[in-house]
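Let the hints inform the model, and build the full structure from the sequences given.
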Amino acid sequence: MKAITTCLLICLMLVSCNELKGPSPEVSVLVLIDQTGSEMSLPDVEDVRRLYNLRARDTWGGRFKIEPISDLQYAPSVSFEIAPQEKLMQNPGQRSKAINDFNARISLAFAQVSLQPLGKSKSEIFGPIARALNELASQNVMEKYAIFCSDLHQNSDLFSVYKKSDMDMLYNHPEEVEKIIIKATPINNNLKGVSIQLIYNAPNYESSKRYALIASLFKKICEERGARVIISGGRLES
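What the sequence shown shows, in the numbering used here, is residues 1138 to 1375, in sequence order.
Think of the hints as simulated: they come from the structure by calculation, not from any bench.
A few of these clues could be false.
As the list claims (entries may be wrong) - Each computed DSSO-like pair below joins lysine-lysine, with the alpha-carbon atoms no more than 27 Å apart: (1) Lys1346 - Lys1300; (2) Lys1259 - Lys1357; (3) Lys1356 - Lys1202; (4) Lys1316 - Lys1356; (5) Lys1300 - Lys1202; (6) Lys1301 - Lys1257; (7) Lys1356 - Lys1257; (8) Lys1320 - Lys1300; (9) Lys1257 - Lys1329.
Small disclaimer: the values here were computed from a predicted structure and weren't measured.
Given below as structure tokens:
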């Protein structure tokens, strides 16, 4: 009986510790790469690896996921991670190799994406972005980054930047477009702690103008939910 009571006390202590435990010392990075246009905007891979800074924070862990934006609502993704590890539990040589392997897999993932064919007649952008943000919002980790490499030129039955009536609505009543986006795939109301970077190198004035309108709307939607949003032409900003 005493042994059973002791075991129950230990279990209760472990549960209490887990409940009091804060976010895991991990960095989570989720990247969406738009493959629907004629060009692909990609961040510098070294900039992405620098977000983890695992050499200086070798006890931290990292999660990485990269997914294409295509003409499909759901596209295959690649994801992997390196678990956090306390100093006392580390074998320095093994930990160093694990960090090297993790960084190498990030480079390989971007290299593989860059070889994919470009150009689709349709583009599903709003849904994948909303799901990516919801996924990050659900993670209990110290740092969360969403990197969206896209012209944001949605072209579907839901909304199309190439449809005059839709663009008129975006110009004159952006709140209506916001309702369309949120109704299609609701975005978590709490994006606090999520850092979002929108990356696109516009090839011409018209593309740049369309992008600026949609990027500004996404920035508003996400900042109202507590996220930090940066609109960039290429390089990641920390």
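Checked hints:
1. Lys1346 - Lys1300: holds (15 Å)
2. Lys1259 - Lys1357: This hinted pair holds, its Cα atoms lying about 25 Å apart.
3. Lys1356 - Lys1202: holds (22 Å)
4. Lys1316 - Lys1356: holds (15 Å)
5. Lys1300 - Lys1202: violated (32 Å)
6. Lys1301 - Lys1257: Holds, at about 20 Å.
7. Lys1356 - Lys1257: Holds, at about 26 Å.
8. Lys1320 - Lys1300: holds (20 Å)
9. Lys1257 - Lys1329: violated (34 Å)
Checked against the numbered hints given earlier, the structure breaks hints 5 and 9 and satisfies all the rest.
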